[in-house]
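J.: Now for the letters of each chain:
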Amino acid sequence: MKCEFIPSDTRWENLSPDRLSVFRSHLKSCQTCHKRVYSEAPEQLLFELENEELPEDFWLGFWSSLEKKLDPIEEPAVSGFYPVLRWAAVFLFVLILTLYSKSIHDPAPDKLVNRISPEVPDSSRYPLVEDVQNPKARYYIFQSQGNENIVMMFDPDMEL
Amino acid sequence: MPRQNLYLFRSKSRAEKFDEKEFIRLCLKGDRRAFESIVETYRDQVYWTAYNLVLDSEDARDVAQQSFLKIWKNLPEYDFEKSFSGWISRITANCAIDLLRSRKQMEPLETEEFFSSGSVPLFVSSDDQSLDIRKIFNRIAPLLSQRQRIVLVLREIYGMEVSEIADLLRCTESTVRNHLSQAKDSFRKKIKELFPEYEM
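Chain order of the listed sequences is A and B. Going by this note's numbering, the first sequence opens with residue 1, and the numbers climb by one from there. Going by this note's numbering, the second sequence opens with residue 1, and the numbers climb by one from there.
Among these hints, one or two may not hold up.
Simulated pairs of lysine-lysine, BS3-like, Cα-Cα distance not exceeding 25 angstroms [as the list claims (entries may be wrong)]:
#1 B:Lys82 - B:Lys135
#2 A:Lys69 - B:Lys135
#3 A:Lys35 - A:Lys2
#4 A:Lys28 - B:Lys192
#5 A:Lys28 - B:Lys189
#6 B:Lys73 - B:Lys135
#7 B:Lys21 - A:Lys28
A few chain A residues facing chain B, derived, Cβ under 7 angstroms [unchecked claim]:
#8 Leu15
#9 Glu43
#10 Asp57
#11 Leu60
#12 Gly61
#13 Trp63
Since the hints were made in silico from the structure, they are not lab data. Just so you know, these numbers come straight off a predicted model, no measurement behind them. In this text, a Cβ means the ideal position worked out from N, Cα and C, and glycines have one as well.
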């Protein structure tokens with residue numbers, strides 16, 4: 001019995017995957033073509049190489065040995081500590097953000113002291129200076145951003 | 001996944017309904033029992049892929065272990081649109097080639113020497129007169145050079161593209177084609193020589 005389904009001059013390496021699949025299906029059912037292909041291009045029958053089922057004994061200990069080597073990092077952490085850490089990180093972030101924004105709006109205390117008066121009293125700066133005649137005396141004017149000024153006087157001869 | 005389900009999948013009929021994508025998703029969540037099911041489903045395929053390349057039962061088992069470790073590690077990179085079985089085969093082939101390379105058995109690319117150091121396969125098919133591809137393969141594969149065997153197996157059994165094989169072997173596509181051509185010639189000659197009873 002002759003079968004021409006698979007031409008004898010077939011160039012197997014040029015076949016499309018679909019065509020190859022059709023030919024292989026045919027080879028499973030047609031002994032004539034099967035024998036001819038075996039004679040002409042036996043390597044094309046390697047697709048028939050099957051994975052025989054191995055005896056269960058062969059796999060004894062395979063999984064237990066494999067399981068020990070599985071990288072635990074791949075397994076998502078399910079411990080109770082993980083969520084706590086996450087919330088702590090969120091809290092810390094919010095805290096840092098709050099402190100940072102506050103520092104922008106409220107200048108540091110040293111920035112409140114815009115000017116420190118000269119050591120020599122200056123009568124033009126403040127009326128109180130006129131009353132301080134002692135050359136040993138020092139006074140400091142702290143000017144806040146508002147209209148209020150704070151005056152600190154250091155006079156060793158002052159009697160309180 | 002309940003332990004009970006794992007045992008259900010050990011039966012063949014259940015394995016046919018095996019929803020691998022669902023099991024892969026479970027594995028990605030760290031479910032080792034789901035991975036155990038995957039191992040049980042694909043272990044024969046992985047073993048034989050490795051065996052066809054290394055031609056030694058113990059080595060093939062070791063390669064299977066390495067392959068499953070790599071599969072577990074690389075699961076996040078698996079593309080759900082592609083064949084899982086094909087992905088597994090490529091990883092296994094890679095591990096098998098790494099093993100051969102580590103033993104420095106890979107001869108230089110251009111050599112055409114034959115060698116017959118393949119160990120005797122543990123699982124040999126029946127010795128009847130019907131055309132038995134496994135028997136033919138087990139007899140002839142050790143007679144091919146390693147490069148020839150690898151390209152023949154990856155191309156003709158697993159249908160890999162020449163470019164993929166070139167990547168695995170870290171050589172050019174034309175080198176792969178040369179080895180494939182030589183492998184086919186050698187395979188034909190050896191069949192005629194060793195299995196004349198199957199000739200027409």
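J.: Does each hint hold? Answer for all of them.
T.: Structure-based check of each hint:
no.	hint	in the structure
1	B:Lys82 - B:Lys135	violated (32 angstroms)
2	A:Lys69 - B:Lys135	violated (35 angstroms)
3	A:Lys35 - A:Lys2	holds (11 angstroms)
4	A:Lys28 - B:Lys192	holds (22 angstroms)
5	A:Lys28 - B:Lys189	holds (24 angstroms)
6	B:Lys73 - B:Lys135	violated (35 angstroms)
7	B:Lys21 - A:Lys28	violated (30 angstroms)
8	Leu15	violated (11 angstroms)
9	Glu43	holds (5 angstroms)
10	Asp57	violated (12 angstroms)
11	Leu60	violated (11 angstroms)
12	Gly61	violated (10 angstroms)
13	Trp63	holds (6 angstroms)
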